[in-house]
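Going line by line, the protein sequences match chains A and B.
According to my numbering, the first sequence is numbered sequentially starting from 1.
According to my numbering, the second sequence is numbered sequentially starting from 414.
Note that these hints are calculated values from the structure, not bench results.
Glycine included, every Cβ here is placed at the ideal spot set by N, Cα and C.
Some clues are possibly wrong.
[As the list claims (entries may be wrong)] Which residues of chain B face chain A? A partial, calculated answer using Cβ under 10 Å:
(1) THR431
(2) PHE464
(3) LYS533
(4) GLY551
(5) TYR563
(6) SER667
(7) ASP697
(8) SER701
(9) ILE765
(10) SER768
(11) LEU770
(12) LEU771
(13) VAL807
(14) THR808
(15) GLN809
[What the hints assert, rightly or not] Restricting the straight-line Cα-Cα distance to at most 35 Å, the calculated cross-link-like pairs of lysine-lysine (DSBU-like) are:
(16) A:LYS154 x A:LYS170
(17) B:LYS687 x A:LYS13
(18) B:LYS433 x B:LYS497
(19) B:LYS773 x A:LYS20
Protein chains: 2
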Amino acid sequence: MSEHTNPNIWEPKFASRTDKMQASEIRELLKLLDRPDLISFAGGIPDPALFPIEKIRSAYQSTLANVEDANRALQYSVSEGDPKLRNWIVGHMATRGIECEAENILITNGSQQGLEFLGKLFLSPNDTALVTAPTYLGALQAFASNEPAYDELKLEQTNRTANSYSQSAKAAGGEVKFAYVVPDFANPSGETMNEQARQNLLKLSRELDVPVIEDCPYSQLRYDGEEIASIQALDIETCGSIDNSRVIYCGTFSKVFTPGLRVGWVCATRDIIKRLTLIKQASDLNSSAINQSVMLYLAERLFDHQVKTARDSYRKKRDAMLEALQSYMPKGVSWSKPEGGLFIWVTLPKEIDTSALLKKAVDEEKIAFVPGHAFFVNDDGHNTMRLSFSLPDVTQIEAGIKRLAKLVHSELA
Amino acid sequence: MSEHTNPNIWEPKFASRTDKMQASEIRELLKLLDRPDLISFAGGIPDPALFPIEKIRSAYQSTLANVEDANRALQYSVSEGDPKLRNWIVGHMATRGIECEAENILITNGSQQGLEFLGKLFLSPNDTALVTAPTYLGALQAFASNEPAYDELKLEQTNRTANSYSQSAKAAGGEVKFAYVVPDFANPSGETMNEQARQNLLKLSRELDVPVIEDCPYSQLRYDGEEIASIQALDIETCGSIDNSRVIYCGTFSKVFTPGLRVGWVCATRDIIKRLTLIKQASDLNSSAINQSVMLYLAERLFDHQVKTARDSYRKKRDAMLEALQSYMPKGVSWSKPEGGLFIWVTLPKEIDTSALLKKAVDEEKIAFVPGHAFFVNDDGHNTMRLSFSLPDVTQIEAGIKRLAKLVHSELA
Numbered sequence: 001m002s003e004h005t006n007p008n009i010w011e012p013k014f015a016s017r018t019d020k021m022q023a024s025e026i027r028e029l030l031k032l033l034d035r036p037d038l039i040s041f042a043g044g045i046p047d048p049a050l051f052p053i054e055k056i057r058s059a060y061q062s063t064l065a066n067v068e069d070a071n072r073a074l075q076y077s078v079s080e081g082d083p084k085l086r087n088w089i090v091g092h093m094a095t096r097g098i099e100c101e102a103e104n105i106l107i108t109n110g111s112q113q114g115l116e117f118l119g120k121l122f123l124s125p126n127d128t129a130l131v132t133a134p135t136y137l138g139a140l141q142a143f144a145s146n147e148p149a150y151d152e153l154k155l156e157q158t159n160r161t162a163n164s165y166s167q168s169a170k171a172a173g174g175e176v177k178f179a180y181v182v183p184d185f186a187n188p189s190g191e192t193m194n195e196q197a198r199q200n201l202l203k204l205s206r207e208l209d210v211p212v213i214e215d216c217p218y219s220q221l222r223y224d225g226e227e228i229a230s231i232q233a234l235d236i237e238t239c240g241s242i243d244n245s246r247v248i249y250c251g252t253f254s255k256v257f258t259p260g261l262r263v264g265w266v267c268a269t270r271d272i273i274k275r276l277t278l279i280k281q282a283s284d285l286n287s288s289a290i291n292q293s294v295m296l297y298l299a300e301r302l303f304d305h306q307v308k309t310a311r312d313s314y315r316k317k318r319d320a321m322l323e324a325l326q327s328y329m330p331k332g333v334s335w336s337k338p339e340g341g342l343f344i345w346v347t348l349p350k351e352i353d354t355s356a357l358l359k360k361a362v363d364e365e366k367i368a369f370v371p372g373h374a375f376f377v378n379d380d381g382h383n384t385m386r387l388s389f390s391l392p393d394v395t396q397i398e399a400g401i402k403r404l405a406k407l408v409h410s411e412l413a
Numbered sequence: 414m415s416e417h418t419n420p421n422i423w424e425p426k427f428a429s430r431t432d433k434m435q436a437s438e439i440r441e442l443l444k445l446l447d448r449p450d451l452i453s454f455a456g457g458i459p460d461p462a463l464f465p466i467e468k469i470r471s472a473y474q475s476t477l478a479n480v481e482d483a484n485r486a487l488q489y490s491v492s493e494g495d496p497k498l499r500n501w502i503v504g505h506m507a508t509r510g511i512e513c514e515a516e517n518i519l520i521t522n523g524s525q526q527g528l529e530f531l532g533k534l535f536l537s538p539n540d541t542a543l544v545t546a547p548t549y550l551g552a553l554q555a556f557a558s559n560e561p562a563y564d565e566l567k568l569e570q571t572n573r574t575a576n577s578y579s580q581s582a583k584a585a586g587g588e589v590k591f592a593y594v595v596p597d598f599a600n601p602s603g604e605t606m607n608e609q610a611r612q613n614l615l616k617l618s619r620e621l622d623v624p625v626i627e628d629c630p631y632s633q634l635r636y637d638g639e640e641i642a643s644i645q646a647l648d649i650e651t652c653g654s655i656d657n658s659r660v661i662y663c664g665t666f667s668k669v670f671t672p673g674l675r676v677g678w679v680c681a682t683r684d685i686i687k688r689l690t691l692i693k694q695a696s697d698l699n700s701s702a703i704n705q706s707v708m709l710y711l712a713e714r715l716f717d718h719q720v721k722t723a724r725d726s727y728r729k730k731r732d733a734m735l736e737a738l739q740s741y742m743p744k745g746v747s748w749s750k751p752e753g754g755l756f757i758w759v760t761l762p763k764e765i766d767t768s769a770l771l772k773k774a775v776d777e778e779k780i781a782f783v784p785g786h787a788f789f790v791n792d793d794g795h796n797t798m799r800l801s802f803s804l805p806d807v808t809q810i811e812a813g814i815k816r817l818a819k820l821v822h823s824e825l826a
């Protein structure tokens, strides 16, 4: 019989996968940055001023207005998700050039849960996931429990062949299982894949015979330029049907409406959706029925209007940040010019380490950002940072970038 | 380049764990049994007549009443869960004899998600989970993606020693990682572990040096008899503090209030909660903030009242079912006499296969139940069935059991 007083008593009993599941430095950091005296470019969360609070209140009232609807909204429900919401999403996917049916849609708790399920569905330990550098940190966390290896996906011209990816994956102890991208206004880079890059990725995925996970949380938030066809739509043009497509699309209502209800979706072949439904059932039975009803209410009445409102507001903020960067940043600093989304990616001269800079920025200038290194699976990005323009207002953005630029100036002096 | 037209195109690419994730026969069955002309004893879901709809409506209104609260409820939130809700649960755990702090609580999407996280935290492939026979099917599904082995936990007197469990686990290719029980009014058996059984289990867990997962979805729903101390409370009496305890407690608001909001919790050492918080973050970032606020509103104002209402209603239904079984079932049929929960477990003579009986029950008598075999990890239970008394009213219960008994009579004739 053993008695424990050590707080880590169970450490030896944990599954090996837990070694890969470390607290995200960036998320720990963000907790410290939640200070009202800071101008924060760190968050990357939607602007609450855009939440349609009145409409959401009406939506909950409506969902609970009669006993029959209320009983359905408050009960356990099917793991696939609310059939009516799935049908609305079918219509929405059509606006993105993707013809599908309700059986191609699974409702998830935000797209994060979709990513976690896909990791579980495809990755055995030491299998390789192809990801960009930088990439979305949450995806790396979602995949981590499956103990994968990563290889860098280059979206521009590259001399990597399918065979070289296969060989590397074999050397890592598994095989390539999928490529993961955020094609539109990526977190963290703000970059958008052009159509050629999308076709190149599809070609690579066919050569490797692996799926592409197309994560589209920001795709509605385009502020200028022409919409580029989604990778799934491009694939369907070639393969003829969603049920033959190798692209798995992750969507969410979090960025357009609100992340507080936790409603997102996956769109894929019905075989994959069936598999994911089993995973959903095992994971948490079903997403909140009432929140699905409310999201349907909002989507039916307000989606286009809400997209327009968000675009108009974020466009101004993006413009303010780009203008301030242009006005204040010294030579040798460059940044992405995103056509949408919430992020601008800044590259400083090599000699500046943005993790060290953050400490000074917070202490001396009361400015927060996310050091870019956090988004790399390799040792790159130490001189990069992610700036989000979603939360501060345009005056704060101007003032904040000015202060940040002052600090960069003094680092370079 | 390969083009696929087969619906199972990705099968060869799936991780090996997906082989273990089969559609639950019972859940597929339940879809067919959702027919209004049936009297269903199959479901096991809470009675919607008990949902406090008016209060839930007020709770959403209140949470969205002012901009500051609404913005918090509609935004991303911390993975650990709403601090105020965690504090309320601390108070609730105290009523169960468990002294803990907010750091010992993680909010999950119902207790199902807690079980899934615990499987992920402890089980490597071929590790052994000790479960009762029968056991909660959802737990088996929650653990399945980790490809565990199972060994049968006997709660009554047994000649299995800790060493024999260890040896079997070794033979299965891993080690014993935890014991899982539903101690109060178990799904599906309706049985409650007495204090001696709880102490015996703790002794075994100490000898094996493994945690006990104590799943308590029904613990508030006691209709008569004295409450028995929770296994976690008994363990804390011995080890002195929650942070030394080997018991991991899973709770939920689903059975007392509503499952539609997906709010449950895990109570464990703060080290385990920290680990589970990382898993939560990777899985879906956080549980719905608005639903957590609403559940806090309900719990603060209504918990005791709601528990009493539910007890009074379910007690009558349980009594009606026990009485009808007594009146109508032939000799050779036995059943559990649960002091709470939603289920009665019926054992028929060996020659009756309840899967075959179900077909006749549905076709000839318009009665549904769940064949007991579904709840066993071995080949047992073919002559058993789970009856839930939660959904039908007392008149339907009386009529339904009468018809079911008639069918059993004719099978034995």
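Verification of the supplied hints:
1. A hinted interface residue such as THR431 of chain B counts as satisfied when its beta carbon comes closer than 10 Å to some beta carbon of chain A; here the least separation is about 6 Å, so the hint holds.
2. Taken as an interface hint, PHE464 of chain B checks out: its beta carbon lies about 5 Å from the nearest beta carbon of chain A, inside 10 Å.
3. With its C-beta approaching chain A no nearer than about 6 Å, LYS533 of chain B sits inside the 10 Å limit, and its interface hint holds.
4. This hint holds: GLY551 of chain B has a C-beta 7 Å from the nearest C-beta of chain A, less than the 10 Å allowed.
5. Proximity of TYR563 of chain B to chain A is violated relative to the hint, the smallest CB-CB distance being about 15 Å (cut-off 10 Å).
6. The interface hint given for SER667 of chain B is met, as the beta carbon of that residue sits about 8 Å from the closest beta carbon of chain A, less than 10 Å.
7. Because the closest C-beta pair between ASP697 of chain B and chain A is about 4 Å apart, less than 10 Å, the hint holds.
8. Because the closest C-beta pair between SER701 of chain B and chain A is about 5 Å apart, less than 10 Å, the hint holds.
9. Interface restraint check: ILE765 of chain B against chain A, minimum CB-CB distance 29 Å, threshold 10 Å, status violated.
10. The beta carbon of SER768 of chain B is not positioned within 10 Å of any beta carbon in chain A (closest approach about 21 Å), and the interface hint is therefore violated.
11. Residue-level restraint check for LEU770 of chain B is violated (minimum Cβ-Cβ distance to chain A is 25 Å; threshold 10 Å).
12. Residue-level restraint check for LEU771 of chain B is violated (minimum Cβ-Cβ distance to chain A is 21 Å; threshold 10 Å).
13. The closest approach between the C-beta of VAL807 of chain B and any C-beta of chain A is roughly 19 Å, which is over the 10 Å cut-off, so the hint fails.
14. A cut of 10 Å between beta carbons decides the hint on THR808 of chain B: the least distance to chain A is about 20 Å, and the hint is violated.
15. Checking GLN809 of chain B against chain A: minimum C-beta separation of about 17 Å lies over 10 Å; hint violated.
16. A hinted pair counts as satisfied when its Cα atoms are at most 35 Å apart, and LYS154 of chain A with LYS170 of chain A qualifies at roughly 19 Å.
17. Among the hinted pairs, LYS687 of chain B with LYS13 of chain A is consistent with the structure: their alpha-carbon atoms are about 15 Å apart, no more than 35 Å.
18. The straight-line distance between the Cα atoms of LYS433 of chain B and LYS497 of chain B is roughly 38 Å, outside the 35 Å bound, and the hint therefore fails.
19. Using a Cα cut-off of 35 Å, the hinted pair LYS773 of chain B and LYS20 of chain A is violated, with the two alpha carbons roughly 51 Å apart.
Of the hints listed earlier, those the structure fails to meet are numbers 5, 9, 10, 11, 12, 13, 14, 15, 18 and 19, in rising order.
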